[in-house]
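A.B. asks: The residues making up each chain are set out below.
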Amino acid sequence: MWLNYKFVLFYIAFVAICLCSALASAASFEYLYVEANEGNSSGGHSALQLGDEIFHYQHHDSGFIRLLKENQQDFHFQYRFLQNRRIHSSQVEVSDETFLRLRDHFKLQFLAQDQQFKQLHRLHKDRALLHVLLNRQDAVVGTDFATILRLNAAGLFYAEGELDRQQKDEYIGLVNVKPSQSFSLLGMLRRKIEQHYGQDYLSRRSEQITAQIRSLTPSDWPLEQSMLAVDKFPPAIESFAERYTDHLSGLVAIKVLMEERMLRPDAFLLTLEAVIPEEKEALERLRDQLMLSLVKSIHSRRPDWGYAVLVNIARLVAIDMTLQLDQWVFVDDFGMDSEWISADELAQYAESMQIQIDDALSNWMQMRKVLLSPGDLTEANYSKLEMSANRYFELLKGAWQPAIRVVGEKALPTKSIAVPDWVVPELTQQQLTLALSALNSYEAKFRQELAGYYRYDLITRNCVTELFRTIDRALLPLSQADVDSSKQPKYITEESIRRLGGHISAGYNFIPFVSFQSVQAQYRVMNNVILDSYRDQQLKKQLIQNDRLTVSLRESNTLTSTLYSYHPGDAFFVFFTDGNAVLRPIAGLFNTAAGIGQSVLGLLTWPLDGGKNFKSGATGILMSVPELLFFNIRKGSYKYLSYNQFVRDNASKY
Amino acid sequence: MRLYSSFLQSAVLVSVVLVIAGCSISYSSKSISDSTSSIVSSPSSVSGKSKHYQNEVADYTMAYVKSSQPNANYSTFLKGLSEVAAKEGVTHWEQDSLTYIGIGKGLKKAKVEGIAYETYKKNFAQSDDTRMEEIQIGYESED
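Protein sequences appear in the order of chains S and V.
Going by the working numbering, the first sequence opens with residue -5, and the numbers climb by one from there.
Going by the working numbering, the second sequence opens with residue 2, and the numbers climb by one from there.
No lab work stands behind these hints, which were simulated from the structure alone.
For every residue, glycine included, the Cβ atom is placed at its ideal position computed from N, Cα and C.
Check each hint, because a few of them may be wrong.
With the C-beta cut set under 10 Å, the calculated list includes, among others, these residues of chain S facing chain V [what the hints assert, rightly or not]:
#: 1; residue: Arg80
#: 2; residue: Leu105
#: 3; residue: Leu114
#: 4; residue: Lys226
#: 5; residue: Ile231
#: 6; residue: Glu232
#: 7; residue: Ser294
#: 8; residue: Val303
#: 9; residue: Lys378
#: 10; residue: Ile491
#: 11; residue: Arg492
Based on the provided sequences and hints, a complete structural model is requested.
C.D. replies: Below you can see the structure in the form of structure tokens.
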């Protein structure tokens, strides 16, 4: 009996020890290797998945390498479906503490870099404003001031240039405007504001803003020895141009209220879709909520209150129109940078576009239901409803319009106009000249430091090297962050071995598939999974359902394939070479010939297409050459696929 | 033969460059998922959506605080907060308690405490008692 008791105790202790070990290493992250394909990241790509977010680096046109953070579904849809690439996922075992450390550091670096590049953009806007104030527009040759400084959401109420055509004193006439007698919606809102803050509140606020604009001074751009670090926000400097446009947005918002201005015809979408009684009730509650919020927002001290008020006035009007007409009305939320598709292209992709329409309808109906759920009548959900409606009804327009916007909806409407020339900061030429000089010095140093940290290099600073460098920085013990930098590599290596199972040097791992092999060899990899590309998935389905030989032969080439249709985004090719490696050089010969053929044709069509065909053919040859040496890069891509279908098919993974 | 040899050398060179060029060609392109993913994939529960927004605010607050001093100019912080809220389709973030709970979480994540914490709390809440309480709730709820 005593022996049994001892055995039970030993067994309990053994189980407890095993459990503790498991808990200490309860987390994991995924190292993702994305296979090569034509176009973006042609040699392959690497990424790190931490929880449901994926971090990866990309080379931007600016010449810098940028850290991106994406929702895992978006990443997979983009790379596995649209770009038709397989993803190799290695699950690396780590402790909870290591996981949190990696995740927090990647997030911090992403946010810090994002703010640094936003500041660069703000410097550009500040420069544009200073030049205009100095009346030296010729100094910004090739740059249109009107495209740089914009008032977001003002375009929902005023046409481009409309505010400029008004006399400058017209808006100041607000000072003597009589209290509103109108019973229009905006008249009611204006009365509520006046009841809350005083009869002449809007006029006083308008005067105050005008005075603030006139007394605006350029930002202070201090030159310091070192401005930037990869994991810190840039110096907190309020942009001169943004202060100016924020104030002007406020003036426009007040002007809209005072004039009880309606939405422009191109600023809203009138559907023929009826509103059901339950939806009407929900919208009435939402309208009342918006009115209350607007009364508070007009008095806000946040810098961008003007934009917020403009958006919400626009939405208030749209909701009110919906209630009056019993048909859904929405503010147009497509951005100025939306992607358009012509009627010809619509016809070419008729089947794919019908799937897009079906998806959009499904999303629009889903969001209508969400609005009726208790507790879900929120601003965020209304934004999603607005986006889904914009998408669906825009796609429907393809049946009768010469072109439609296929992508570009925003979570908040931003239709903008150029800054009107009402009132400007009252600065002397000398002040402006000195400010411009200070800005030039600051920007030059800023760009130099940015380049030092983020200038792209094919071998020494690319999407793979930066991933491992960021991992190294995340693991550097806090106690060693200020230690002599020559000793840091040793600490990093030790920490990496302890936490991840090994250390991977960024310097020697700059090729995506080589780095993937290193991860297998060095890190504590628990599990490897190959996630199929879109074509892989569809091919597997067909092979199960039909005769294997027939399917293999039919799907081996682009001429008979039912799973892929050539589109101008890809270079023309004949055979898929990501399957049978033995026959790859033979297939590559045909593909190379196809590329040569397209290039020759491209020479003939150059006057008509600006060299597009020739360039595509040349790319085709480039992609086919490795196939002669048994390498596969190209796999074909897809322009339009169903995102909803992707989510349904891959639901178990997310 | 010489021609074939040159061709082979070129082929090898092209292949090597393409293979190395892991992310050398990149462009910003819009995708259908940009506009539909928030609708199709978002958590169906209110708590799921609000948690995502809180986390985004918390991350942004943490990053900001790690780069600044307690008495720094807050206009840049407020602008950044507007951008975070805008991605979620929210303009009235300053009237939303979730914003302040997220700020509180962010302060805890940044390991801010004592006088520095009280200063940030007061400044971020613009001395509003209700907002300060909400920040405190977020701070205490974070591990």
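A.B. asks: A separate judgement is required for each hint: does it hold in the structure or not?
C.D. replies: For each hint, the structure was consulted:
{"no.": "1", "hint": "Arg80", "in the structure": "violated, 15 Å"}
{"no.": "2", "hint": "Leu105", "in the structure": "holds, 4 Å"}
{"no.": "3", "hint": "Leu114", "in the structure": "violated, 14 Å"}
{"no.": "4", "hint": "Lys226", "in the structure": "holds, 4 Å"}
{"no.": "5", "hint": "Ile231", "in the structure": "holds, 7 Å"}
{"no.": "6", "hint": "Glu232", "in the structure": "holds, 5 Å"}
{"no.": "7", "hint": "Ser294", "in the structure": "holds, 6 Å"}
{"no.": "8", "hint": "Val303", "in the structure": "holds, 9 Å"}
{"no.": "9", "hint": "Lys378", "in the structure": "holds, 5 Å"}
{"no.": "10", "hint": "Ile491", "in the structure": "violated, 25 Å"}
{"no.": "11", "hint": "Arg492", "in the structure": "violated, 22 Å"}
Hints 1, 3, 10 and 11 from the list above are not met by this structure, while the remaining hints are.
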